[in-house]
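Got two chains here, separate frames each, mind docking them using the hints?
As they're listed, the protein sequences go chains L and Y. The first sequence: position 33 = 33 (our numbering), numbered continuously. Adding 190 to a residue's 1-based position in the second sequence gives its number in our numbering.
Among the hints, erroneous ones may be present.
[What the hints assert, rightly or not] Short derived list, chain L residues pointing at chain Y, Cβ under 10 Å: (1) 4; (2) 23; (3) 30; (4) 86; (5) 148; (6) 152; (7) 167.
Worth flagging that the hints you see were computed from the coordinates, not collected in a lab. On a predicted model such as this, the values are computed, not experimentally measured, just so you know. No residue lacks a Cβ here, since even glycine has one placed at the ideal position from N, Cα and C.
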Amino acid sequence: MRGRILLFSLMAVVQLGALAWMIRDHEQVLEKGRVFHFRTAPIDPRDPFRGEYVVLDFAAEDGDWPLPDSSALEAFALLAEDSAGYATIVALRMEPPPDGTDHLRVTFNSWGGDTVHRVQLPFDRFYLEEGDGAITEQLLQPVWEEDTLVQPLPAHAVVRVYKGEAVIEDLVVDGRSIHAWLNEVAPTSP
Amino acid sequence: MRDPRLSDALPELVREGLLEPAQADRIRVRYGLLEGRSGSAMMLVLSIVGSLLVGLGIILIVAHNWDDLPRSARTMLAFVPVLLGQALVGVALFRKQGNVAWREGSALLLSTGILASVALISQIYHIHGELQGYLLLCSALILPLLYLPGSVLVTLGYLVLVLWQGVLVRTDGFFTPQFPWGMLVLLLASVPAYVLHARRNGDSLGFWWHSLLLAITLGVAAQLFHRDWELPHLVVLLFLAAAYTVVPWLHPGRALRTWPWALVGGSTILVVLFAFSFRPLWEELLRETMLGWRKDVLPLGTSMVVSITALVLAHRHRRPFERWPYPEALLLFLVCLGVGIASPALAAVLMNLALLVVGVLTMRQGLQQGSLKRMNLGLLVVSLTILLRFFDTDLSFVLRGLVFIAVGLAFLFMNLRMLRQQKRDAHAG
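One chain only, chain Y, in its complex shape (with noise of 0.2 Å):
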């Protein structure tokens, strides 16, 4: 939201008259202008330029051990990052109160110096041990930061590790599964952090950051606690993914940057709708046992739970196709599986029309709305679901170069029909 070019506008437009002080201090509180008098955006971008490389560095210097030095010198110097971040912390929590720049680099730098505090004692000692206990470790202590001081930049980096931490978790017993608790643990912490942040910056771009990484990190997380993977693990899989497109009707009232929930639904939802789009696919889902889903009846029922209850809330508030049909693509996949256990040949069909269903509707929203990004992702759906039947039909070459053609043109076609529309409205406006 903030425009650097607008900061350097409204002085201008105060001395030209054409607003009023008081008017261009408005302007200023709306756009979050007034914080940066206490830290420039260029402060805040050199701080924590600055702590990463001082922050890598430190790590680097760490993984190049230091045989020469005694172990006690050594293990006096292992405390010297996290004193040195902490004493930093210290003073953007007393003395740069409202600081971003001293905030978010110090938190920053105090991250960094517990990653390579940990890895010098690990060498220390020559301490064992897999990669996932070290980033558990450094996670639980890095885990104070998202709310003292509240660091988006440590938030993000925090979420990666948690998640990194829990794949490694998951991926290694392939023999006798490993249930990533402690990822669990650590993420659910971590979900206050998220609230506070809403409430304090919600349409900030850190939000839309800490937005995406939390549906990801969480969609991921559901995954991990499943001991098998059968229909009812996809279809649950789909809840989940239809949940995360209604999030930004759950705060109604409330401009909050929410958006990469639905993208990552979206997302998942396409991918899901495209792959079954293949008849092999609902042979191989449907010839299943479909019996694993008793060994997992724990989480899918959780993710079940909170899927349904994310719907029903979002339904007292969102019209049926409102801004994008994903949440309806749920119901049209069910559609096509009991369609499915019949005839899966049959199902293959309806998903290909399903797709250019949802294709044409967000198409004409793209349109509706004058939005270039939606219509042509409306467009890349109808072409794609073409474009992907070329593989399981035997179609000659003259006429998927028509259809190559006849797509190409309807993109330019429909871009160059938006961009005149979108010139006509400001001309007319």
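Pulled out of the complex, with its shape left as it was, chain L reads as follows (with noise of 0.2 Å):
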């Protein structure tokens, strides 16, 4: 009987201690993090577990950084902002910066060249009320003007970088948090 309460209390502790770690870890990054923004522009899947989320593909995956090794497929990404305040990627490295500047660890298929064209940024979903998914990528569909593909709204994710780890705070459309658009569009079914 002492085995088994033993083991059943090693087993509440662990399967308790893996959320809590989860927590702890991004909980460090939005107290501590230094605070970038992302421009983006959503679309709206579902997940089978963890329900309704819009995929966020942002501006700064896009780029030309020189390849810091021919076989590599991830790597650290140096962090800047650009003359009007968004996130941008400034070089690719294989190791993490020494001397504490801000980085995330990124993929990316270099297809046998020596440029890196793309990335993908270690976040790419932000999590929303069931059936606000749909009102989101609608508020952000673009849209064909003169031959030219434009989003009707500017949009950007917050998000909180801390030693090469990164958590989205909040997604901002058009300088407003996206929970008060949908407050104001369409509140949430009860």
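Given below as structure tokens:
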């Protein structure tokens, strides 16, 4: 019986500990992380377990960076801000910067060349209440204007970055939080 | 094995003096009816359905997402499903020992609680990542429940999650193959639970399902570590399938419900044999460079060693062609393969003959054992072998019609004959 109690306690601690670890990691980033604004254009998929979210496609993911290692599929992206205050990636490195420059681990496909044209940032989804995903997508649906696809309202994600980890804090559309927009456009069903 | 009609009939038989109370008790022990006193079958079903509904309800509520609540409140709420499940598992372990309904219901609730809690934290912190990462973490946290309290339903669900995760990982990186090592570790970690289940309750319906899911999951997992797919991969797959069909001979003297291994292995062999009854497949297979196996030496070698070990071990207890001819079908395929190198067309002809042999042998064994299912399977193999030739031969519609009529009549005749035989045997008995 004592052995069973011990094993049960161990199982309970591991299960709760894993959840607590997930929370601690992300809370730390939210508390201590520096804020970056990533310009974005969302679309609306659904996860069978985790509910509704919008996938975020960031402008900072496109660029031309020299490939740090021909066989690499991931690297550390050094972050900076452009003149408008939006986040950009200035370089890719194989090691995290020793001087504490804000950075993120990114993945990419080099397709055999010596330049990387697109990277995947380690955050790409923003969860919303059920039904809000479709409304958000509608709100930010790009439209054609004289042969050019433009987004009607500018949007960016507010992301906290700390020691290479990142957590999305908010999605801002035309200067206002998406939650404020959703409350105004269509109150969520009870 | 448990039969509710038996549990109703036993007290009646004791009252009528046809059975002694001690004999009735021995029958109850034999069919596991005493277990029913601590948790009846109805209780078990209700607890499982109830737990599933509560668990799914929690997941649906979580999927709704509560943006109105502050983050701290949502973080606290994330622990509730797991704490609730753990409390109930604790009660099942220490207060309701031996109660199957409590064991299954509480473990099921904790499993769905884990799925819900991890999902909730993912929502709160907008955690990125594909579904496979979520499934991997949840499976790892559910794993202890296979042993403590040892729930059968959670084990089945766990195997489905692990299989799902592995297939997602392997099919995700098309250009840069990713192998599901996490799946392999989780799958191997569940094998001792299978052995324990066999020792404790190897003749139960739950063990039958456990065998089926483990056979499918292990079989699929063995294919997920290949970089290429060529002739050697097919041969190894057939060896593995043949090894599956001899699993019932790996536990001589112990009545375990391991028949699903033979079911999965036999089905795989039949599908491959039917596919290779077409000539173009032989031509395609033998045209390949056949060098891909060098990249897959480790997975192919492991499968081969395991398969040959199982076949050798079973050979000590099984006579050739005993119960079913599927292990021998492997040899027939290898003969066809040898011929196919010289002439693919001849290999296809031989494969058709091999299928007819397998079908006739299965039918004969069905007739000898009085098994309608097996006899019909044999008949189906023979009929399908003939009917499939419609696709690669130019037969007239009249001839095709006559073949259909002949096959239909054969099914009717054989089934009627078997039913009459069974009736005669029953009267004679």
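Quick rundown of the hints versus the structure:
{"no.": "1", "hint": "4", "result": "6 Å, holds"}
{"no.": "2", "hint": "23", "result": "6 Å, holds"}
{"no.": "3", "hint": "30", "result": "8 Å, holds"}
{"no.": "4", "hint": "86", "result": "19 Å, violated"}
{"no.": "5", "hint": "148", "result": "30 Å, violated"}
{"no.": "6", "hint": "152", "result": "23 Å, violated"}
{"no.": "7", "hint": "167", "result": "5 Å, holds"}
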